[in-house]
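S.K.: As given, the protein sequences belong to chains A and B, one line each in that order. Read in order, the letters of the first sequence correspond to residues 1 to 171 in my numbering. Read in order, the letters of the second sequence correspond to residues 1 to 307 in my numbering.
Heads up, none of these hints are tricks.
Below, in silico cross-link-like pairs of lysine to any residue (SDA-like), each with a Cα-Cα straight-line distance of 25 Å or less:
1. A:LYS57 x B:GLY267
2. A:LYS57 x B:ARG220
3. B:LYS32 x B:LEU256
Which residues of chain A face chain B? A partial, calculated answer using Cβ under 8 Å:
4. ILE15
5. LYS16
6. ALA19
7. ARG20
8. SER23
9. PRO47
10. ASP50
11. GLU52
12. ARG53
13. GLY55
14. GLY60
15. SER61
16. ARG63
17. HIS64
18. PRO90
19. GLU91
No lab work stands behind these hints: they were computed from the structure. Just so you know, even glycine gets a beta-carbon here, dropped at the ideal spot from N, CA and C.
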Amino acid sequence: MRLNGHFLRNTMEEIKTWARINSPWVLHFNSGSCNGCDIEILAALTPRYDLERFGIKLRGSPRHADVLLCTGGVTLQQADRLRRIYEQMPEPKFVVAIGSCALSGGVFQGCYNICGGIEKVIPVNAYIPGCPPRPEAIIDGVYKLLASLKPAERALEPSSHEYGDRAEVNS
Amino acid sequence: MDILDKIFTLLIFPGGLFLLILGLAYEWVDRKLLAQLQNRIGPRWFQPLADVIKLLAKEEVIPEGVNPWLFIGLPIIALAGSLTAALYTPLVGLPPSHSFPGDLIVTVYLLSLLTLCMGLAGSNTLDRFSLMGATRTLTQLFSYEAPFMLSLLGPAIVVGSWRIADITSYTENHWLLLSQPIGFLVALIGLIGKLEMPPLDAPEAETEIVAGAMTEYSGRGYALFRLAKGAELVVGLTLVASFYMGGMANPLLFLLKTLLLLLVMVGLQTLITRLRIDQTVGLWWRYGTLLVLVQWLGMIIWKGVAS
Ligand code: SF4
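Work out the full structure, taking the sequences as your base and the hints as a guide.
M.R.: Below, the structure written as structure tokens:
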């Protein structure tokens with residue numbers, strides 16, 4: 001009986017993970033970028049790249065989103081908003097930092113009004129460097145994030161969840 | 001045996017599981033065709049299923065300031081409404097599993113339960129986008145409901161019965177599309193308005209008001225609303241196709257005719273941009289209703305002359 005319950009729970013988990021990997025809805029937030037990265041994100045969402053193939057859809061409401069795509073070095077004004085939007089998303093949620101600014105502050109590093117990276121404000125699951133990263137790089141980063149949800153790969157990197165996997169992407 | 005039969009009817013065959021799966025399949029066809037018309041590849045075949053499972057497995061946030069009972073109950077009522085409506089419609093070319101004189105009216109009202117629930121769900125929250133979406137949803141409901149109903153009553157007048165089974169048995173040998181083209185058009189566009197598909201998607205215009213009445217729904221509630229919409233898509237297509245497109249005697253005809261109708265709807269979605277809410281209301285009350293009424297008048301006079 002216990003074995004059965006275990007098996008059932010495992011199967012349910014597997015189905016849930018499968019659904020999560022195959023239907024990531026994204027929300028796009030600009031926390032003070034120069035707009036270059038945002039244009040690349042929008043380019044990645046156009047019919048040319050057709051992200052609906054992977055089930056990726058842009059949603060307007062944080063309540064519907066699974067993945068938060070953030071750009072920019074987080075200005076002091078936007079930090080509060082970024083945190084609020086992150087809090088509004090239902091679990092499980094993932095954050096992808098896109099562009100050099102989102103990773104470290106980039107060209108704005110050291111400015112008086114910059115927190116210096118998304119991870120200073122909210123936990124980040126994947127980093128995509130580049131100034132700006134190409135749409136292919138963004139797609140690859142999101143894909144690697146989703147692939148890291150699969151149990152087999154999670155076992156390889158046990159401590160990866162808190163700080164996220166660095167998606168090594170060349171742009 | 002009787003009880004088992006009833007449970008089967010409610011939970012599996014026309015009522016429950018079957019309709020949900022069919023709804024997901026039709027949603028996929030809709031999205032895939034739309035993608036193809038936009039020169040994209042489009043979603044994979046299991047996409048709507050993955051979306052729904054993911055939403056069901058997600059945390060449900062109950063925002064501050066809502067009535068939690070309403071917040072949780074409305075999606076269930078909406079889904080129940082669309083599933084019940086299926087019991088009276090000739091799904092898959094089979095005769096409806098339940099039927100009584102006047103079930104056409106009941107079905108039409110059960111179909112609008114979804115919209116009503118969405119409007120209430122939107123106005124239940126404090127969020128401004130939800131409120132705006134709810135206002136638009138209800139405005140649109142009031143504008144398309146009358147013409148849609150009138151256009152479905154057109155065939156009923158011809159047959160002289162308000163029973164769906166009678167009407168479909170008559171339309172099996174008569175293409176009412178030819179004798180009542182206006183009614184067909186109004187019914188088709190009314191269906192688009194009911195399902196809030198483009199070009200009549202002002203209530204959930206994601207470029208203006210985030211997600212309309214659904215903005216605050218996450219997880220389970222949103223999944224149930226999506227399932228209800230899928231079921232309503234199938235039931236609505238079945239109703240219009242069986243009334244106007246020569247009925248459907250077997251499953252093959254059912255698939256053929258409903259998919260053809262869906263293709264026309266997807267074509268309209270790609271061709272026409274979103275109408276403003278006042279344009280939607282104007283379209284229905286200035287043209288839709290009047291044209292259907294004129295057609296009614298013609299039909300009644302014709303009946304009088306012929307008899
Ligand atoms: S990484 Fe480059 S393109 Fe992106 S926001 Fe920073 S400066 Fe702009």
